[in-house]
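> Can you join these two chains into the complex? Each is in its own frame, and there are hints to help.
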Amino acid sequence: MKEYTEKIREIAKRLLNDGTVDMVIGFRKGTLPMMNQPHIATCTDSADELMWDSNCGLNLANYVTDRKEKIGIVAKGCDSRNLVTHVIENKIKRDQLYIIGIPCSGMIDHHKITAMFDTDITSVKESGESITISGNDFSKKLIKQDVLCENCAACTHRNPVEYDELVADLVEEQTDVDPYESVTEIESMDAEEKWNYFEDLISPCIRCYACRNACPLCYCPTCFVDESTPQWVGKSQDPIDVRTFHLLRAFHCAGRCTDCGACERVCPMGIKIREFTKKLNKDCLELYGWEAGLSLDERPPLDTFKTDDPDEFIK
Amino acid sequence: MKNFLEHTGIEPGRLHFSWISSAESTKFVDVVKKITHEVKMLDPANKRYVKTEPKVD
Ligand code: SF4
Ligand code: SF4
Ligand code: SF4
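One line per chain: the protein sequences are R and P, in this order.
With the working numbering, the residue at position 226 of the first sequence is 226, and numbering never jumps.
With the working numbering, the residue at position 45 of the second sequence is 45, and numbering never jumps.
Derived from the structure by calculation, the hints contain no laboratory data.
Reference excerpt, derived from the structure (chain R facing chain P, CB under 10 Å, subset only):
| hint | residue |
| --- | --- |
| 1 | Ile186 |
| 2 | Glu192 |
| 3 | Tyr197 |
| 4 | Gly234 |
| 5 | Arg243 |
| 6 | Thr244 |
| 7 | His246 |
| 8 | Ala250 |
| 9 | Phe251 |
| 10 | Ala254 |
| 11 | Leu280 |
Here the structure is a predicted model, which means the values were calculated and not measured.
C-beta atoms are modelled at their ideal positions from N, C-alpha and C, and glycine is treated no differently.
Chain P on its own, in the form it takes in the complex (with noise of 0.2 Å):
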């Protein structure tokens, strides 16, 4: 899914996977650490997948 949507261009960096237990606090804080990182870095996605007013032509 990840290679899938990265292929119809999805920014590398976007998308992220992880497989998280409840009981695994400290590891969800550091991979959501990273992720809003990773994000930041990219620029923002109002171009991509987000939808804001109905496109009327």
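So that you can see chain R by itself, here it is in the shape it has in the complex (with noise of 0.2 Å):
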């Protein structure tokens, strides 16, 4: 990773002293252990703290909506597909972004980690393949590939589909994983079962948003969950109201979720809000063909009619 850093602000140094951008986005260290936070460089001494590791899980599509500066960003395979949606959803133009692609090896999973020590961690360290954790009296070496996000376990585009110059050579993809296996196992399930399985994924779920400010895809002005005139969910914690914003968060993102684990991510009660977004991009691929952010020049299921589109839902 030490080389992806240095190249990293190899290249951002560049852009930035040949007047090729106004500004680069990428991450620098957090100030706790796993939590590297997204920086945006405008000069080249900002461009030193840029940084790469197993921690940059957020998706930075998020800071580019609507900006009307030329911009560098650091994109992995995800970021990448998040940047194409934003331009075919004209919330950035193509030319005004450099993107410095990130073939990736996946992210490391901070809720599944700290869940495995009983005390703080106050230390991560990586080297290849392993990852050190330790904390005031302990020390322990884990294998990365254990301890991978989900969906970058079951990733199958870690390479950039969109880039102007890449900091290393492309990485092989995926292809024995299935992305969409908890779903068929949830759709095996009947009516009862399926809406039990719910209510108790999101009870834990405190109304913070954060999963929705992490997404690149939640751009709008106002949320809906913000309106008041009229208000379209309630704001209180009756499973119906928590239910309610779920299932509409997850379908404002139907055939643009990328799958980057973002909201997931932030997320401090660590509910696997995945599990809605995944049914909907499994639908997209299943009915449509369609998955969200490869090319640019095609237009999502959603903006687009078609004679053949399926229509059994419709009497």
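Right, dumping it as structure tokens:
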């Protein structure tokens, strides 16, 4: 990862110096272990803060929405797909972006790792495929592959789909994984079990909306949950209000979600919110052969009409 | 959307979609009859997606 960091800094400084971009959006080290922060470098000094490791799971496409400047942006496979989605949805122009592509080997799951230890983790060090976790009185070595985020473990687009320059050679894409395993499992339940499954899933939700704020797709000036005239959904912890929020949030991401996992990463309650969006992703793939953000030239299924669109649901 | 709501536990048979033009009054009557019939066959919806009193733990 050190090579990635050096390369990112080198590219960022070059772009800032020769005026190709006004800023470079990337990551810097966070104040807590496994919590890298988005960083906007506007001069070569601050470009030296840019870095890369397996804790860069936030989605940087979130920070380019409606910007007018020329932007250099560090992008993993999933971020690049969200950048494409942004371009398609007119939230940024392709020629405003200089995409620094990161061939990605997956991000590690801080929820999973935190749950493995009883006491606070004070440092997480990475070297090659191993991760060393230490706290006040312990130190443990883990294999990165075992603690990957769920979406990364099953990711089939690790290489950026759109980029101007790469920081390293492309990585091999995974082909023997099934991103929709859990969806298929839920599909086989009866209505009662499904209802209860999602009831349990979202019962810890505190309606903090971190999942919404972290998602690059959620750029509405006023989110439906915040509106009060009319008020679309109750603001309480009532299970029906919570469910309404989750159903609508997910449906607003239909045909657009890239399964980047940023929503899950930021959830303070560790809720597996991707269970909602994954079903929509699977439907989009099965009904329309569509995966979000793969091409700048294709319109998404929800804004096109074809005479052979599936219509069994309507009578 | 139908797939998705049914995936999260809304029973099949509760959610119906139809395209009816303002000139198709008989189709409207038929569809409403069919829907009310199918929905009556299901359990009352009081367990699912009905907000009554705010729940306070
Ligand atoms: S979803 Fe894919 S591209 Fe995105 S961080 Fe995970 S492995 Fe990398
Ligand atoms: S819904 Fe979650 S997984 Fe999908 S694009 Fe948004 S943050 Fe990423
Ligand atoms: S981040 Fe988690 S707790 Fe917060 S609103 Fe989203 S699902 Fe609920």
